[in-house]
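*Asks:* Protein chains in written order, with the numbering used here: chain A, 855 to 992; chain B, 42 to 145.
Just so you know, the hints here were simulated from the structure itself, not pulled from any lab data. Each hint should be verified, as a subset may be incorrect.
Said to hold, decoys possible - Capping the alpha-carbon separation at 30 Å, the derived lysine-lysine pairs in DSS-like fashion look like this:
no., chain 1, residue 1, chain 2, residue 2
1, A, K979, A, K878
2, B, K94, A, K873
3, A, K904, B, K131
Stated by the list, open to error - Away from chain A, derived, C-beta distances all over 10 Å, residues of chain B:
no., residue
4, L45
5, F49
6, I53
7, V56
8, W58
9, A62
10, T71
11, L81
12, A96
13, E97
14, M106
15, L129
16, D132
17, P133
18, K138
19, G144
Each residue gets a CB set at the ideal place from its N, CA and C atoms; glycine is no exception.
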Amino acid sequence: MACFLVPAAEAIVTTVAAKVIERKEKNGGSVNIDNAASGSKTAKTPFSGKLRWLNTMLWGGSALLLLEHVWHGEVVPWFPFLTAAANAEDAAAMLREMATAGVGMAVLVTLVWAGMVAVSSAIEKRADKKQTAAERES
Amino acid sequence: MTLLITVFAAIICTVLWYKNAPDGKMRLGTLGLMFWGASLMWLVDAIFEYAEKGAEFFTPAPEDMLNDAYLGLSVVALGLAVWLVIILIKDPKGVIKAALQKGK
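Go ahead and model the full structure; you've got the sequences and the hints to work with.
*Replies:* This is the structure we're talking about:
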């Protein structure tokens, strides 16, 4: 009905957050929060870059789900845009779906992103350790 | 069917991204992430539908399956169109910029 609105709302928040963090990373002299904290020597993806992965998944997913909702006649190009918002009974069902499926979508995408960040951080740390060991040897 | 087609699109994009890495000029990673995002969202939708319908979920009517397949292909087409617009705007290889400069 309108479940895609929940990840879309999260996408707005994460996009703003990514912009703010990116500005801080550039202005603060520390190009990378992770690097500054760990004293890393190897090139790492800054946190704003990692947050952009989440933005892409949320915006992309929401846009493609929007097409599905238009396809099924649940979203229309005229006010109130959501056909379920036309009467109270359908609106209640729509809100229930947003609270269950919509929140579920946002949570699953965020969890997968958190997993991607954890794996990439582990790979970066391993590369950092290897470089430090190679520097000690030489 | 929509979920399945989108998952296949996401897998193909991820394989192509991996094959071309570390050259990310064509932004295949962005396309892959878009399809993965949609796939995860439809997966949640499918779980809720399965919880509601049970085993019936796996035996859709041929007409519904055809409609879902048509939707899946349309979704892939939209994803590719969005990606194409991003590529043309960002112009990572400078092709459009060079063409415009040539025309001057």
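*Asks:* A cut-off of 10 Å on Cβ-Cβ distance, and A96/B was said to be off the interface with chain A. Does that hold?
*Replies:* 20 Å, holds
*Asks:* Was I53/B rightly flagged as not at the interface, with every chain A Cβ beyond 10 Å?
*Replies:* Per Cβ check, I53/B is outside 10 Å of chain A; nearest 15 Å; holds.
*Asks:* Using Cβ atoms and 10 Å as the threshold, tell me whether E97/B really stays out of contact range of chain A.
*Replies:* 18 Å, holds
*Asks:* T71/B clear of chain A by more than 10 Å, beta carbon to beta carbon?
*Replies:* Given that some Cβ of chain A is not farther than 10 Å from that of T71/B, nearest at about 6 Å, it is violated.
*Asks:* Quick one: work out the minimum CB distance from D132/B to chain A and report holds if it exceeds 10 Å, violated otherwise.
*Replies:* Non-interface label on D132/B holds, nearest chain A Cβ at 19 Å vs cutoff 10 Å.
*Asks:* Please check whether the beta-carbon of F49/B is more than 10 Å away from every beta-carbon in chain A.
*Replies:* 14 Å, holds
*Asks:* L45/B clear of chain A by more than 10 Å, beta carbon to beta carbon?
*Replies:* Per Cβ check, L45/B is outside 10 Å of chain A; nearest 14 Å; holds.
*Asks:* Next pair to validate is K979/A with K878/A; report whether the Cα-Cα distance is within 30 Å.
*Replies:* Given pair K979/A, K878/A holds - Cα atoms ~23 Å apart, limit 30 Å.
*Asks:* Verify the proposed pairing of K94/B with K873/A, using a straight-line Cα cut of 30 Å.
*Replies:* Given pair K94/B, K873/A is violated - Cα atoms ~42 Å apart, limit 30 Å.
*Asks:* Does the no-contact call for W58/B survive, Cβ to all of chain A over 10 Å?
*Replies:* 12 Å, holds
*Asks:* Per the stated criterion, does the least C-beta distance between M106/B and chain A lie above 10 Å, as a non-interface residue requires?
*Replies:* About 15 Å separates M106/B from the closest Cβ of chain A, which puts it past 10 Å; holds.
*Asks:* Could you grab the alpha-carbon distance between K904/A and K131/B and see if it respects the 30 Å cut-off?
*Replies:* 19 Å, holds
In the structure shown, a violation is registered for the earlier hints numbered 2, 10 and 11, in ascending order.
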